[in-house]
Amino acid sequence: MKELVEIKDLKRSFAGKKALDGMSFSLGTGKIVGLLGENGAGKTTLMRVMAGLLTKDSGSVRIDGEEIGAKTNGLISYVPDHFVFGGFRKIGTVVTYMKRIFSDFDEKKAEALLEKLHFTKEQKMASMSKGQKAQVQLVLFMSRKAKLFLLDEPLAAVDPATREFIIKTILSTFGEDNTVLISTHVVMDVELILDEVIMIKNGHVHLQGETDELREKYGKTINEIFKDEFRFVEGGSENE
Amino acid sequence: MPWAFKENRPIFQQIYDTIVVRILNGTYPKGEKLPSVREMAEEAGVNPNTMQRAMSNLESAGLAVTNRTSGRIVTSDEELLKKIKKEYALEAAKEFMQEMQELGLSQKDAKALLDEAEAMGK
Chain A
1 MKELVEIKDL
11 KRSFAGKKAL
21 DGMSFSLGTG
31 KIVGLLGENG
41 AGKTTLMRVM
51 AGLLTKDSGS
61 VRIDGEEIGA
71 KTNGLISYVP
81 DHFVFGGFRK
91 IGTVVTYMKR
101 IFSDFDEKKA
111 EALLEKLHFT
121 KEQKMASMSK
131 GQKAQVQLVL
141 FMSRKAKLFL
151 LDEPLAAVDP
161 ATREFIIKTI
171 LSTFGEDNTV
181 LISTHVVMDV
191 ELILDEVIMI
201 KNGHVHLQGE
211 TDELREKYGK
221 TINEIFKDEF
231 RFVEGGSENE
Chain B
1 MPWAFKENRP
11 IFQQIYDTIV
21 VRILNGTYPK
31 GEKLPSVREM
41 AEEAGVNPNT
51 MQRAMSNLES
61 AGLAVTNRTS
71 GRIVTSDEEL
81 LKKIKKEYAL
91 EAAKEFMQEM
101 QELGLSQKDA
111 KALLDEAEAM
121 GK
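So the protein lines, in turn, are chains A and B.
1 is the number of the first residue of the first sequence in my numbering; add one for each residue after it.
1 is the number of the first residue of the second sequence in my numbering; add one for each residue after it.
Extracted from the complex, chain A is given alone in its bound form (with noise of 0.2 angstroms):
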């Protein structure tokens, strides 16, 4: 069967720098997929990459058999770890906004979604708190109907009830015939949900897996796995 998402030796510079040091694997459909790693590991760029918002260098990525184009972005919905709205002054106006550029925007599942969290439509997104933007911001996007979403740091800088809430947006749009990927460095918050997890580290795969598999071989949590296999320092460490 062919994958949802197949990525090989994946490269991306920024001035000298190596973001994306050959990176490779693949994601099926029907999963949801922490991708791991510590600030500056590459998880934005690779997104980033993926969602058709920065070229490559070079190596190949794949979304549902095609290259990164025009046809792959109509697949991909990606949530930035920043708020994108800002110069919008209604929650109605921006939901109108979605309609008009995503074809596969679904604007009942939204407005339900928005229901359910007290917003109204004549809300003003100027009045709204950090956590409250990134709730609106999340359920936007999760109400396309795409095949991959690509979440940035959704759990980023928000309370531990839009957290809840946060969880529960992506179980409830997650399904057989979509893949959510979600970049973190707070393994803790998503462990649950996760079907497998991709470990990066300096810009390529340290390490890939099914999460109870991981948690069976080590006899862990994610969270323990993460902690121990980011906790050495690259080039030998003092003592040795």
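Please keep in mind that the hints were generated in silico from the structure rather than gathered at the bench.
Hints are supplied without guarantee of correctness; some may be wrong.
In the DSS-like style, the derived pairs of lysine-lysine whose C-alpha atoms are separated by at most 25 angstroms in a straight line are [claimed, not checked]:
(1) A:K217 to A:K201
(2) A:K31 to B:K6
(3) A:K168 to B:K33
If we take Cβ atoms under 7 angstroms as the criterion, some of the chain B residues that face chain A in the derived model are [to be verified]:
(4) F5
(5) F12
(6) G45
(7) N47
(8) N49
(9) Q52
Covered by chain B, according to a simulated footprint, are these stretches of chain A (three or more residues, beta-carbon under 8 angstroms) [unchecked claim]:
(10) 26-37
(11) 162-172
(12) 192-206
(13) 214-220
For glycine and all other residues, C-beta sits at the position ideal for the given N, C-alpha and C.
Here the structure of chain A is known, so what remains is to put chain B in place on it, guided by the hints.
Using the frame of chain A, we list chain B on its own:
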């Protein structure tokens, strides 16, 4: 019994144990329909695929049966339920005795402690 995931064991095993205890204590009554995988996954805050895996194991163990018309049903097999209850209870008892041994209590003292604890609970 709430969903709790603290141990480093695979999540599907921890889910499985919680569901079994819920069946044994009647939260999910025998012969009745279990909630759907999606409902249970959302309630527990876990991946539906992981919940599905726990449910499949439940079926393999004979504790649940999938019925084409009415979904997944808790077994009505009294013998099986009794046997599983004994297994889980024995496991808990072993753990208790182990801990008491680590504290340096004799088996006799440990057993006496159970009566004492029960009296205190009343």
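> Among the hints numbered above, which are violated by the structure, and what are their numbers in rising order?
Replying inline: Those not satisfied come down to hint 9.
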